[in-house]
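J.: Produce the entire structure from the sequences given, and follow the hints as far as they go.
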Amino acid sequence: MAGHSTYVPKTGFTRWLDARLPILRFANDTMTTFPTPRNLNFWYSFGGILTFMLGIQIVTGIVLAMHYVPSADKAFDSVESIMRDVNYGWLLRYMHSNGASFFFLAVYLHIFRGLYYGSYKAPREILWIIGVLIYVLMIATAFLGYTLPWGQMSFWAATVITNLFSSIDQILPHAGTAITEWLWGGFAVGDPTLNRFFSLHYLLPFVIAGLVVLHIWALHVPGNNNPLGIDVKGPQDTVPFHPYYTAKDLFYLLLFVILYAVVVFYLPNALVEPDNYVPANPLVTPPEIVPEWYLLPFYAMLRSIPQKLIGVIVLFGALITLVFVPWLDTSRVRSMRFRPLAKQFFWALVVDCVLLGYLGAHRPDAVFPGTSIPMLPFARLGTAYYYAYFWLVLPLLGLIETPKPLPATIATSVTGTGVEQVNAPAE
Amino acid sequence: MRFARLALALGMMLGAGAAHAKIDTDPLPPKKPGWSFDGPFGMYDRAALQRGFQVYKEVCSACHSLNRVSFAAMSSGDGGHGFFTGPEVKAIAAGYKIPAGPNDKGETTDANGTPLTRPGIVADHFPPPFPNEQAARTANNGALPPDLSVITKARAGGADYVYSILTGFHEKPPAGFTVLPGKYFNPYFNGWNISMPPPLSPNQVTYADKTNATVDQMAHDVVTFLSWAAEPTLEDRHRIGFGVMLFLLAFAGLAYLSYRRIWADIH
Ligand code: HEM
Chain A
397 MAGHSTYVPK
407 TGFTRWLDAR
417 LPILRFANDT
427 MTTFPTPRNL
437 NFWYSFGGIL
447 TFMLGIQIVT
457 GIVLAMHYVP
467 SADKAFDSVE
477 SIMRDVNYGW
487 LLRYMHSNGA
497 SFFFLAVYLH
507 IFRGLYYGSY
517 KAPREILWII
527 GVLIYVLMIA
537 TAFLGYTLPW
547 GQMSFWAATV
557 ITNLFSSIDQ
567 ILPHAGTAIT
577 EWLWGGFAVG
587 DPTLNRFFSL
597 HYLLPFVIAG
607 LVVLHIWALH
617 VPGNNNPLGI
627 DVKGPQDTVP
637 FHPYYTAKDL
647 FYLLLFVILY
657 AVVVFYLPNA
667 LVEPDNYVPA
677 NPLVTPPEIV
687 PEWYLLPFYA
697 MLRSIPQKLI
707 GVIVLFGALI
717 TLVFVPWLDT
727 SRVRSMRFRP
737 LAKQFFWALV
747 VDCVLLGYLG
757 AHRPDAVFPG
767 TSIPMLPFAR
777 LGTAYYYAYF
787 WLVLPLLGLI
797 ETPKPLPATI
807 ATSVTGTGVE
817 QVNAPAE
Chain B
5 MRFARLALAL
15 GMMLGAGAAH
25 AKIDTDPLPP
35 KKPGWSFDGP
45 FGMYDRAALQ
55 RGFQVYKEVC
65 SACHSLNRVS
75 FAAMSSGDGG
85 HGFFTGPEVK
95 AIAAGYKIPA
105 GPNDKGETTD
115 ANGTPLTRPG
125 IVADHFPPPF
135 PNEQAARTAN
145 NGALPPDLSV
155 ITKARAGGAD
165 YVYSILTGFH
175 EKPPAGFTVL
185 PGKYFNPYFN
195 GWNISMPPPL
205 SPNQVTYADK
215 TNATVDQMAH
225 DVVTFLSWAA
235 EPTLEDRHRI
245 GFGVMLFLLA
255 FAGLAYLSYR
265 RIWADIH
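Protein chains in written order, with our numbering: chain A, 397 to 823; chain B, 5 to 271.
Quick caveat, the hints were computed from the structure, so don't treat them as lab data.
Quick caveat, the model's predicted, so the values are computed rather than measured.
Take the hints with a grain of salt, since some may be wrong.
To be verified - Here are the computed lysine-lysine pairs in the DSS-like style, where the Cα-Cα straight-line distance is at most 30 Å:
#1 94/B x 470/A
#2 157/B x 470/A
#3 470/A x 214/B
#4 101/B x 214/B
#5 61/B x 470/A
#6 109/B x 94/B
To be verified - Examples of chain A residues lying across from chain B (beta carbon under 8 Å, computed):
#7 434
#8 486
#9 661
#10 699
What the hints assert, rightly or not - Distance windows between CB atoms, simulated:
#11 706/A x 146/B: 41 to 49 Å
#12 759/A x 174/B: 32 to 40 Å
#13 250/B x 423/A: 29 to 37 Å
#14 220/B x 705/A: 50 to 58 Å
#15 462/A x 128/B: 23 to 31 Å
#16 467/A x 264/B: 50 to 58 Å
Cβ atoms here follow ideal geometry from the backbone N, Cα and C, with glycine treated the same way.
T.: Printed below as a string of structure tokens:
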């Protein structure tokens with residue numbers, strides 16, 4: 397797919413340009429004629445949606461930054477004045493704060509899509525790892541952004557997360573504290589912390605944008621995976637990206653944007669902790685310190701472990717685990733459609749992550765409402781299952797599971813003759 | 005099912021017997037009186053805003069600041085989001101004394117030692133009742149009356165919660181519950197002991213529009229005003245949101261048709 401350029405410059409100027417900077421050829425080959433499997437479904441539209449949301453965050457963020465003041469005394473007031481005095485400031489801010497949530501919603505669906513269709517397997521390992529890097533940077537960016545309004549949750553989330561590094565003291569005495577104070581720029585979260593967090597929050601989205609370019613480059617070398625997980629065998633299996641997928645992606649993007657607009661215009665504070673409308677106060681610890689919903693599963697893992705350093709290792713390990721998935725999954729079949737056992741463990745993982753998200757919003761000593769069943773054991777089980785899925789289930793299942801027969805080609809499957817085909821050639 | 009029970013048993017073994025005592029002073033769920041600004045088409049009730057402003061001014065402002073709200077915000081002129089005319093707002097602002105020191109001689113007080121002030125202008129914000137936190141606490145038995153600018157967004161339950169606090173004082177404490185000295189019983193407040201004395205009593209204000217000033221009425225009005233103070237742009241948001249939804253739905257409909265049309269020759 398790479399290297400098969402079909403671009404023919406038509407005017408004198410484009411021929412001249414093509415001989416010097418073949419940027420139109422590049423655009424044509426990657427966004428217009430790019431041969432794309434003809435069977436991509438709804439779950440494949442989230443890449444485009446994610447790019448769109450990154451654009452929304454950058455554009456609204458740059459305008460917010462023109463009015464925002466990164467100082468402990470003025471940050472809260474400046475956000476309030478954005479909401480009241482800046483023309484359409486409320487719209488910018490609600491698009492940005494809820495945009496982060498929808499960005500994460502899209503990235504989670506995108507990641508689970510990849511896990512289900514085995515998109516991380518050869519030859520797409522690098523593509524997957526770049527995706528994991530983007531996700532980690534998104535987490536960092538969102539955490540930094542959450543501190544900027546300088547409400548109670550902003551301040552205390554910054555305190556709790558930076559304090560994680562002090563757990564290093566348990567193996568290297570004083571080193572953890574030193575790192576934490578270096579991050580703070582002082583002896584507590586304060587003005588210097590807010591200033592550097594703002595600077596980094598402004599920087600990281602552009603690093604993400606750079607990684608997105610690499611991600612798409614790494615996609616266009618092997619081409620898209622697809623719901624069948626089998627390779628493209630010839631032109632009958634593909635359609636040009638434009639107009640087929642531009643039209644399809646646009647429709648799904650609009651559905652997503654409708655959902656986003658409902659929240660921005662009608663429920664703009666539904667996903668916000670009310671405590672973040674209370675200005676930061678270092679002397680008053682809020683009864684509950686919780687991150688935003690998209691980080692709750694990790695928070696549940698952290699809090700389910702009584703030993704702080706181990707908790708921190710488990711938290712970061714959960715992210716690092718994702719890097720190894722291409723080699724942990726030993727099955728030769730990509731798509732879970734043909735893996736009856738793996739499919740069940742996959743859905744258990746989805747339920748597990750949702751459950752961890754629910755548990756993460758409650759104190760470790762909480763009980764399920766209306767019962768006396770403690771939550772802590774479930775948070776531990778959930779954490780254990782998350783690790784088990786990647787480090788035990790995926791490696792072992794590939795060895796013992798008998799996959800269903802694969803269709804011969806994408807084309808035969810789409811035209812309704814291939815899926816049940818018994819004498820499919822082995823991959 | 006068997007799996008669930010197994011998971012439960014396993015869970016019990018893993019959990020280090022998380023003992024817990026049920027706190028019986030959890031706040032009651034807030035009342036839901038209904039608001040004109042609820043729902044996707046909700047708008048503020050102008051008359052209620054004017055009455056609510058009066059309640060804030062005559063009652064709550066003795067203890068609570070409203071730091072983030074300017075007088076100008078109450079004006080409906082010049083594309084404002086308010087509920088008074090420009091001249092009315094000017095007159096309201098002029099009725100407030102704004103700290104004005106130092107003057108051009110560097111003095112911060114007049115000959116009698118009173119701090120210098122000037123009449124408010126529309127660009128001013130509501131002046132706070134106390135010069136600093138310590139003064140506010142001293143006047144309130146050690147408790148700090150919070151700023152009310154975003155109070156309906158700063159509490160779970162929002163407007164319903166604030167309304168419930170204001171109307172929740174008359175209830176009798178249950179047997180066995182002690183109201184702490186200097187505190188008041190309010191079952192909608194976490195812990196049930198609140199440091200705010202019941203702020204509203206019947207006919208505490210005299211409404212210009214002759215509305216009967218019951219506690220419920222005043223509470224409903226002042227909470228409407230505070231909701232506006234927290235989110236003065238809500239009406240714009242609802243109005244623009246409606247247009248955006250119509251546009252997106254139409255656009256999505258067209259996008260769907262073109263998607264089907266383009267793919268028609270493939271299947
Ligand atoms: C990866 C993309 C981004 C994510 C996930 C993200 C996330 C967030 C989050 C969660 C907040 C707190 C929201 C709130 O409660 O107000 C925030 C605030 C903020 N962000 Fe971003 N952001 C992104 C990109 C950007 C960019 C590119 C800029 C500027 C160039 C920016 C500037 C700001 C500013 C000024 C605030 C504070 C104002 C406010 O609180 O609304 N952000 N961001």
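J.: Work down the list of hints and note, for each, if the structure agrees.
T.: Results of checking the hints against the structure:
no.	hint	in the structure
1	94/B x 470/A	28 Å, holds
2	157/B x 470/A	19 Å, holds
3	470/A x 214/B	42 Å, violated
4	101/B x 214/B	28 Å, holds
5	61/B x 470/A	27 Å, holds
6	109/B x 94/B	29 Å, holds
7	434	6 Å, holds
8	486	4 Å, holds
9	661	3 Å, holds
10	699	12 Å, violated
11	706/A x 146/B: 41 to 49 Å	42 Å, holds
12	759/A x 174/B: 32 to 40 Å	34 Å, holds
13	250/B x 423/A: 29 to 37 Å	33 Å, holds
14	220/B x 705/A: 50 to 58 Å	55 Å, holds
15	462/A x 128/B: 23 to 31 Å	25 Å, holds
16	467/A x 264/B: 50 to 58 Å	54 Å, holds
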